[in-house]
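> Sequence:
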Amino acid sequence: MNLSTIDILIILAYLVIIIGLGFWISKKASKNIQSYFLGDNNIKWYWLGFSNSSGMFDVSGTAFYVALLFIYGFKAAWLPWLWPIWNQIFVMVFLAIWIRRSKAITGADWIIKRFGDDKGGRLAHMIVVLFAIISVIGFIGYVFVGIGKFAANILPWDLSNNVFTNQQMYAFIIIALTTMYTIKGGMYSVVATEVLQYGILVVSCILVVTYAVRDVDYTTLHQHLPNGWASFWPDWKLNINWGSTFPQANQKIEEDGFMWFGALVLMMTAKGIFSSLAGPVPGFDMQRILSAKKPSEAALLTGFTNLVLYIPLFMMVSALTLIGFTYFMSDLQSQARPDFEMVLSRVVGSYLPAGIRGVVLAGLLASFMSTFSAFVNAAPAYLVNDFYKKYFKPSESPKHYVKCSYFVSIGIILIGCIFGLFANSLSSLTLWISSALYGGYAAANVLKWIWWRFNGYGYFAGMLAGLIAATFVPNLMAWLSANYFTEYKDLFGSGIGTLISFFIILVLSLSASIVGCLLTPHADRRTLENFYASTKPWGWWKPVLRWVKKIDPAFEPNKQFKWDMLNVLVGICWQMSMVSMPMFFVFGYVQYGFIAMSVWLICMITLKFTWYNRLKITAHETIELANYSHADALH
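Last residue of the sequence shown? That's 975 in my numbering, and every number before it is there in order.
I should point out that these hints are in silico values taken from the structure, not numbers from a laboratory. Be a bit skeptical, because a hint or two may be false.
Unchecked claim - Straight-line C-alpha distance at most 20 Å; calculated DMTMM-like pairs for lysine to aspartate or glutamate: (1) 459 <-> 864; (2) 634 <-> 498; (3) 633 <-> 449; (4) 882 <-> 892; (5) 733 <-> 458; (6) 729 <-> 457; (7) 453 <-> 904; (8) 730 <-> 904; (9) 733 <-> 557; (10) 890 <-> 904; (11) 730 <-> 457; (12) 890 <-> 864; (13) 889 <-> 864; (14) 882 <-> 896; (15) 729 <-> 904; (16) 443 <-> 457; (17) 948 <-> 904; (18) 729 <-> 449.
Can you make the complete structure from the sequences, with help from the hints?
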């Protein structure tokens, strides 16, 4: 593809501005670890919300969603539950408040506040540092594959050599450019650049949608959609049939293992409950929450992330898919094994006009850079603050730790790129991260919130068992499917098969957590009292509640469980309406679009009274309980 002069100028201008902005702000981030990783807890919650949504609006995920919508139609709105995307609702409703009350710097630092600084607490601390690094490396590999595929298909220069492919070379170059300002500027630089990138993304969305729908004959389009494509509600067995005109799409559905769609949705729901209750994995989402000024603002920034992320994201996804249907279908039908993950880059590279193409390319490049910079900012915090500083060099100058973060960031980026070199596809990485890796994380991290008796030894045992299981269970499932369950291939394919892997890993991790916990003593009483009094989780905390009430008879436990569960249900409906509404409107199903819009408005009004208004009460409680963050206040 030959880029026009205007496209190249737009992309170059974007790169110069974004890198320049990152370096300009970098001085503010170099004072100490608090400023470098958390922006001194002085960044407005709405800027953190824009930053968080920009970090989630990644080019790899966009390419993945375009492929899903192209093949599965409106039922693709359910497939992001594989992550699950509605874990953000749990975080918005109550988990963000609980996390921010800790006043920790990282997720690993938070673990010490939960389990104490004895042997068990340190084991838990070290295993979560290990998990954080593994998960960040996995995500860097994921974005490495996505940006390489995207750039190689739209940029005209062939950079391949005897060592690296064209995709890999483009990935290395773009990652190097992003690394420059991310490492130098820390959280201040990341947030500032991501806010700018979010604005570019929104402009890109508007331009793509305008171009996509301008001349569409919706009557003809609807007649040519395959049977079941426009059906939204999940059936027990997938009812989409591309017929003889595009058998490759039917083959892709079979390979994905999504035929038993009802079973898939049920399993995704069960998985989602465990994954969501566990809270955000140690990464950029956790860092944004810990960067908020106070707990109520941590909740607000997560809610704002939901509000400003999903409608623009799925507007872009729907418009790009529509253009693919209009201009790219015959090209796909002519390929024996089409790569549906390439639909995004082919549409942008071949079917958008000059000027619009440049802005969209800058927007998609911004989506990659924002996601990548968010992960890179989160990862060094765990190695530098939670490992190097804690166990080796506790008394160095603040600038020493910041400089260490530079070197650690480069090392993690290189390892993540190497991981990406050996990844097969976005789908394989997505399913491994969302199922195997999350399966090892979920059990121990649910128990840490809701059960007072759970200790650092149990956390260490559960996380270690989960990490080990995540390395062999998916391969075992693939082997069993290929050798013993061939007649059930459509049931145990990569879709349901990976969810089965998740539950196997979850059970192994849960068993190890409970055994490791019951064979060892509970955490120090003072640690439990401090954590419970300051965080105020609901769950099985009665013994600790009795201890706290002996010191402060006026102390009231968290009685918000029913309100929280109501708000989670309303929030999931709210989020699903924001996912489906753009799809319906862009593809010309206006009646469905207005129904989704009505659900969106009703849910938002409901949350105003059931969540937002009550958030002020929660914030007031936090101020009253501030003294409980110190052990001397209790003993």
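> If a hint holds in the structure, say so; if it does not, say that too.
Consistency of the hints with the structure:
In summary, the hint linking residue 459 to residue 864 is supported, as the alpha carbons are separated by about 11 Å, within the 20 Å threshold. Between residue 634 and residue 498 the alpha-carbon distance is near 49 Å, which puts this suggested pair outside the 20 Å criterion. A hinted pair counts as satisfied when its Cα atoms are at most 20 Å apart, and residue 633 with residue 449 qualifies at roughly 17 Å. Straight-line distance between C-alpha atoms of residue 882 and residue 892 comes to about 15 Å, which keeps the hinted pair within the 20 Å bound.
Using a Cα cut-off of 20 Å, the hinted pair residue 733 and residue 458 holds, with the two alpha carbons roughly 19 Å apart. Between residue 729 and residue 457, the direct Cα distance comes to roughly 15 Å. Compliance with the 20 Å bound is thereby established for this hinted pair. A C-alpha spacing of about 24 Å is found between residue 453 and residue 904, which places the hinted pair above 20 Å, so the restraint is violated. Simply put, residue 730 and residue 904 have alpha-carbon atoms about 36 Å apart, too far for the 20 Å limit, and the pair is violated.
Distance check on the hinted pair: residue 733 and residue 557 sit about 66 Å apart at the alpha-carbon level, beyond 20 Å; violated. Between the alpha carbons of residue 890 and residue 904 the distance comes to roughly 28 Å, so the proposed pair goes past 20 Å and is violated. The hinted pair formed by residue 730 and residue 457 meets the criterion: a straight-line CA distance of about 11 Å does not exceed 20 Å. A hinted pair counts as satisfied when its Cα atoms are at most 20 Å apart, and residue 890 with residue 864 qualifies at roughly 17 Å.
The straight-line distance between the Cα atoms of residue 889 and residue 864 is roughly 17 Å, inside the 20 Å bound, and the hint therefore holds. Restraint check for residue 882 and residue 896: the C-alpha separation of about 12 Å stays at or below 20 Å, so the hint holds. Distance hint between residue 729 and residue 904 is unfulfilled; the C-alpha atoms sit about 37 Å from each other, more than 20 Å. The straight-line distance between the Cα atoms of residue 443 and residue 457 is roughly 16 Å, inside the 20 Å bound, and the hint therefore holds.
As the CA atoms of residue 948 and residue 904 are separated by approximately 13 Å, the hinted pair is consistent with the 20 Å bound. Distance check on the hinted pair: residue 729 and residue 449 sit about 12 Å apart at the alpha-carbon level, within 20 Å; holds.
Comparing the model with each earlier hint shows violations of hints 2, 7, 8, 9, 10, 15; every other hint is respected.
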